[in-house]
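Protein chains in written order, with the working numbering: chain A, 1 to 435; chain B, 1 to 435; chain C, 1 to 435; chain D, 1 to 435.
Any given hint might turn out to be false.
To be verified - Not the full set, but computed from the structure, chain C residues with beta-carbon under 10 Å of chain A:
no.	residue
1	Leu206
2	Glu262
3	Gly263
4	Arg320
5	Pro373
6	Thr420
To be verified - The list that follows gives simulated cross-link-like pairs (lysine to any residue, SDA-like), each with its CA atoms no further than 25 Å apart:
no.	chain 1	residue 1	chain 2	residue 2
7	B	Lys125	B	Gly85
8	D	Lys107	D	Gly91
9	C	Lys271	A	Asp59
10	C	Lys125	D	His180
11	A	Lys107	C	Ala250
12	A	Lys271	C	Pro419
13	A	Lys87	A	Ser120
Please keep in mind that the hints were generated in silico from the structure rather than gathered at the bench.
Just so you know, even glycine gets a beta-carbon here, dropped at the ideal spot from N, CA and C.
There are 4 protein chains.
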Amino acid sequence: MNERAAASPRATNEMPRVGDPQDACGDTLQQRYQRIRARSAQLAAPLSAEDCCVQSMPDASPVKWHLAHTTWFFETFALEAFDSGFKPWHGAYRVLFNSYYNSIGDKHPRPQRGMLTRPSLAEIKDYRVHVDGRVLALLRHRGDDSQLRQMLMLGLNHEQQHQELLLTDVKHLLWQNPLHPAYRAGDAPGRSSHAPLEWIACSGGLVQIGHSGEGFAFDNELPRHSIFLQPYLLASRLVTNGEYMRFIDAGGYRRPQCWSAEGWDWVVREKLTNPIYWFADGDHWQEFGLHGLTRLDPDLPVVHVSYYEADAYARWADARLPTEAEWEHAAASVTLEGNFADNGWLHPSAAPASGLSQMFGDAWEWTQSSYAPYPRFRPAAGAVGEYNAKFMLNQYVLRGGSCATPAGHVRRSYRNFFPTGARWQFSGIRLARDS
Amino acid sequence: MNERAAASPRATNEMPRVGDPQDACGDTLQQRYQRIRARSAQLAAPLSAEDCCVQSMPDASPVKWHLAHTTWFFETFALEAFDSGFKPWHGAYRVLFNSYYNSIGDKHPRPQRGMLTRPSLAEIKDYRVHVDGRVLALLRHRGDDSQLRQMLMLGLNHEQQHQELLLTDVKHLLWQNPLHPAYRAGDAPGRSSHAPLEWIACSGGLVQIGHSGEGFAFDNELPRHSIFLQPYLLASRLVTNGEYMRFIDAGGYRRPQCWSAEGWDWVVREKLTNPIYWFADGDHWQEFGLHGLTRLDPDLPVVHVSYYEADAYARWADARLPTEAEWEHAAASVTLEGNFADNGWLHPSAAPASGLSQMFGDAWEWTQSSYAPYPRFRPAAGAVGEYNAKFMLNQYVLRGGSCATPAGHVRRSYRNFFPTGARWQFSGIRLARDS
Amino acid sequence: MNERAAASPRATNEMPRVGDPQDACGDTLQQRYQRIRARSAQLAAPLSAEDCCVQSMPDASPVKWHLAHTTWFFETFALEAFDSGFKPWHGAYRVLFNSYYNSIGDKHPRPQRGMLTRPSLAEIKDYRVHVDGRVLALLRHRGDDSQLRQMLMLGLNHEQQHQELLLTDVKHLLWQNPLHPAYRAGDAPGRSSHAPLEWIACSGGLVQIGHSGEGFAFDNELPRHSIFLQPYLLASRLVTNGEYMRFIDAGGYRRPQCWSAEGWDWVVREKLTNPIYWFADGDHWQEFGLHGLTRLDPDLPVVHVSYYEADAYARWADARLPTEAEWEHAAASVTLEGNFADNGWLHPSAAPASGLSQMFGDAWEWTQSSYAPYPRFRPAAGAVGEYNAKFMLNQYVLRGGSCATPAGHVRRSYRNFFPTGARWQFSGIRLARDS
Amino acid sequence: MNERAAASPRATNEMPRVGDPQDACGDTLQQRYQRIRARSAQLAAPLSAEDCCVQSMPDASPVKWHLAHTTWFFETFALEAFDSGFKPWHGAYRVLFNSYYNSIGDKHPRPQRGMLTRPSLAEIKDYRVHVDGRVLALLRHRGDDSQLRQMLMLGLNHEQQHQELLLTDVKHLLWQNPLHPAYRAGDAPGRSSHAPLEWIACSGGLVQIGHSGEGFAFDNELPRHSIFLQPYLLASRLVTNGEYMRFIDAGGYRRPQCWSAEGWDWVVREKLTNPIYWFADGDHWQEFGLHGLTRLDPDLPVVHVSYYEADAYARWADARLPTEAEWEHAAASVTLEGNFADNGWLHPSAAPASGLSQMFGDAWEWTQSSYAPYPRFRPAAGAVGEYNAKFMLNQYVLRGGSCATPAGHVRRSYRNFFPTGARWQFSGIRLARDS
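Next up, chain A with everything else stripped away, as it sits in the complex (with noise of 0.2 Å):
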């Protein structure tokens, strides 16, 4: 995800259709934009002004940039593009909250993101103000022109990743507070139980992988595409807490033969025996999480893993991790629902009893694919082109969205990325193994 967002060109570097009047939500693309842009001022709610500001390591961003930059996406590539009376809210802001755009122009450093106690949040919150009344205002008057629906599309794809990357780095900053202090107050929805693991067997063969249909879709789902896979298993849900209590009992962390080579100068150099946000309170473990410090359910799903973890993990089970065609395919045939964002609940669920589940939703999947391109991949046209092509090299795709992902966001063919080491985001396991 990574802030990185296109738009999904075929051949011609078109744009996606829309599927205009209505989308499945059922609503216009004026509802869809104040819907979404809501939700975002929703997030951050519950946050002062000071826990919007900090930025709690390169990685991460304040909530306020985020904030200020999904403000700042709709103001470059839709106002600037195509409102003839275009003037900038403020002459600062092109360069401030332009994220990684080299074909815009400068931008403020990465690392100090954290360091604009100006503007202050009362000023980003008017930003988003001006903004959305101008979109919507260009909206009634040039509601047909394709290529201007099309841009917003994108920028409210690109605010959901944003809206996700807001809840991953407001964790990361209030996990390194000492109080542990909760993002939002709650009770879990109900008593964990313990689903049996299923390996589910599926066929191979020259199958397709990719975008299809006319909805949205960034460029990097395309073209759609065949590849020839093997029969393969695959795990029917994601590894648990307690299964994965059991790797770190059996030395997991001390033994590089369950490792790769380069994981394990990792774990080594960083000193590290268990996952990020887990805090050994004697003989048994806690767990930060956005709700606050809980003791670790044995039955949820262990999360916030890095690619080097899940793939130590899956040696050690004798499995591997799926490649992402495996799981694109054999997501063909589940039903696009699970546990996101909008359900009030920012935390993995237990899997239910028995069948192939949690396949979206709950935590991003690893898989041991690369982010590459597709065969015959066109990076979007214009600056937008920056957004996925520029990334597809030492990352890890990953599938099936989380807990912090937005509903309705993603799809079979949705593919997010980070590097090997990264553990800041809800990602999980789920194990495969040759048949």
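Since the structure of chain A is already known, use the hints to place chains B, C and D on it.
Leaving out everything else, chains B, C and D in the frame of chain A:
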């Protein structure tokens, strides 16, 4: 300064005798307590909660942390020690706001101070109000306890040190913001003018330095002792921006001959070409200050130079830095007044036309003296013994106070100290020569 | 390559079957052993004991270490495993010359290999003589043991990998010497000439890649499997220095648009403007090579470029890098011959006038394929299973061998691999395009 | 020492007057030149070309580099300056073997000295023979030129400094080798015995320190000047290994209270638990020395401690380090003899039974004095003025010479200096106390 402060023990590790019932300012200890504590809040008043939360570098602290730590100091060393009914205001603060007192116990890591978005600024203000109430009540009931009075004097001097750090730290933070916001609006107090440099002849011989008399002093100013000096010449005023520009124009930052070996390595490694808060703007310089970005005034003292730069400038000017004994000996005959922080203008002023001037206020003056214990120095007893003694290594002494120092805080014997690379303090240059 | 080598297991983890009694070169295993082992000594012959001792960077190893480690490999995996009268030649060598085999036990830290002035080069030569004698005696007595024969074949292929590393490592060492000493004197074999670039059309479909047949292969080349390819175009020859100079002249190292995001960060951080062994000399370039410093020949292939540079060049040239499957599929019809290390000239040569050329030898060709296990890959059994499998992460595959690779070492299915920033190998660029 | 040496200028920057025709050793300058130059070759004799080539850390230099640089010194400052027929022996050596003299021009980067496998050790030996021949011829023809004689005296003292560095650098190199090779075989000269610690009372007052008389001195020992001392107590001997073990056993490396703030950060960051060359071996200690690995003798002086460690030990022992003036004042009455490098045993010896002992030889003694210019100090004129003056910053003075110092090299006024973290010199601890 560096957040260090300690009682001034004599041979018996007594605390310094406070000149009660009224000091030079004419106010009682209660009044002084209220006045100095209120000033900290006033210094934070122009700042938002966001401004007060962010840490701009490991050497600097957030404003909120300064406000909390100085309060922690009174809570820990006055209330906990002298108030029989003491209860901590918050169980976690003892660790969160401990700076470096190993005798007190654990401390929150210094580079992580900026992660503390909680407790909020409002909560810290409540903490201040609570502790102030308890301290004043204690003074009412036990105001005749000289140990308590001395500890409160120490705490107030400690708070004044943090008032200066608060200003230099927030200056460093705002400087990193591309918007260059001013801490405080306002125009410079009148046009500066050029004062010619004179060399003041000082006699040597066996002289005395170190604190004497009844008033408060830190332990590092004691004991007063004899030292033998050769005759020397001292510059009548600080080096100006205009003089420093000539050093730059003469290739000062490109010629290793001007620098110590370590200083030159520093220039090359950091790729330096000018003092920290200067911005090249076409063919002239701008300077960032607490009053915003303005054109560099050649008649004002150069500030924010490191020891390396002060030493290089002196070598280029065929002079040297004074020793701290030379400085103190010359200062003995100078009235203790100058451009301090209380006059509303937080920047150095130009020197008057003639005579030994600017010895106090305007800018801390680097000396060539490594910070070391005076002969027969004894650290204060107890935890406060950690304040000064353990820093007497690889730092250099600065003298005289600056435009950010509270009036009434410094003495002729006052020893400030920083590492050779520090630039974010109001540090300037006074030259000396052998006569 | 990276000092990794492993047996080629099939489903049952068997060792590869060696084509006894005589291989393609027509010599017996004894003869091959003596020939390959002697070649290592010959490669070190132009070097002094000093040249053989120094480590120029953590990624490189001293020549002496290569000579010792390859011997350790035979001592550990052949003598210790198969020789009933085995006694270690020196008690400390098991640790000193273990590269990365955790199953064997402790190892001397890689960045410290250059500290080993003892044992001396002469002692390592004695070690080689001793182990060679024992291995040849073992072959005489147990030459019909196929397990032993396969392990020796593995050791010889391993030694050939280190012969190439020895050359690239010593090139890196000599390059750092301001005297620019040549590894070997000599003139280039005739004047190069310009071959125009052609695009070779390759059909796609469901093709097979991976090792087949009876000969030796590493485990990472197995199993042979199906993969679906779209039709594509492959450049007829490697990119030349002249072409790469045009990339530089067009601002290649100054324009982020040409680069992946990570590649651009690398260029900025390392302040790069050209390939590693180039020296600007007035208005032309010099190139450092194993034959010393010479004027850069525009008709020769560009070498010593990283993946980042190869990828950026391809983007600038409106092309892309081939996948490893595309490369291997095209290589199926090409005769396995080229400019290898045995011809006495350790530098790439110019391409012939037409046709698909330079597929083997000259320069390793970066592919866009992340190094990953083939479907149903199984690492070799035992300690040798550590050689390849644990490196399948964040590295990219190179194909075809180079002018520093021993003739007869590479295969069409051979997979070399290095991290994206590696530049000290003879790595070059072959372009591809969608057709 | 640090490879710095300079003429001792008086007010007029004269060179020091050399006590010709014969010095205290009774030999002529010719004889002295030959004797000292031959000793460098003798020190390298037990080492292989490999041993002489490798650089074990940036602070250390290869033995070959020492041999070349000291020769470069004579070639550059004597032959080039005084020999009308001068031609450089090799065009590249002027840069390769320049240590830090910016006035001479470019220099090979210090951390890259170990990359110089060429020129070979044999070539450097030829270089030495050549320069020696030219220097002796020059002495024959212009031996009455006092400027030349003084420069040669400087070069010989410089060479003696490098003789000590050669030994400490090679010790550091061999220590890193798991084989723990000895530089020189041999048994300790007799069993050591325990000398009780006495406190020697020294009177204070206005005393003189700095070089006096006609003999050679470096510029940093001048001018002789007055300083006022309080009465003090000086330990009769160096701190022993046994005493230091009690510090360790008392938790010295685990208790921040013993350390300066910077020292404690150093201990934590480097994870230190003991002096650098100690190895824990079951329930006792081994010590690595130039004579190999032996059981730590509790009666010998502790050596290879940093300033941080010396300071921490002193604090723990309720004492302090002496100032350099205290040391020199006490040394005035001590005969200049001790355990120096010429006696064949390159390790400290135990103290004799009583009286102020070990002031010279055995171990350099850390003082609490930051290395600073003496009052009215003037660097030597010309390039040699770079030797000492530019290092007077963030280093501390050591006094008295060590078991690796050539006999006859040190003086009572001799000032060695190293940064506070340096441990690879033969540095030890003598305690002082206020009386």
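Structure-based check of all given hints:
no., hint, in the structure
1, Leu206, "6 Å, holds"
2, Glu262, "5 Å, holds"
3, Gly263, "7 Å, holds"
4, Arg320, "8 Å, holds"
5, Pro373, "8 Å, holds"
6, Thr420, "6 Å, holds"
7, B:Lys125 to B:Gly85, "22 Å, holds"
8, D:Lys107 to D:Gly91, "13 Å, holds"
9, C:Lys271 to A:Asp59, "23 Å, holds"
10, C:Lys125 to D:His180, "21 Å, holds"
11, A:Lys107 to C:Ala250, "24 Å, holds"
12, A:Lys271 to C:Pro419, "24 Å, holds"
13, A:Lys87 to A:Ser120, "21 Å, holds"
Figure legend: structure checked against the earlier numbered hints; every hint is met.
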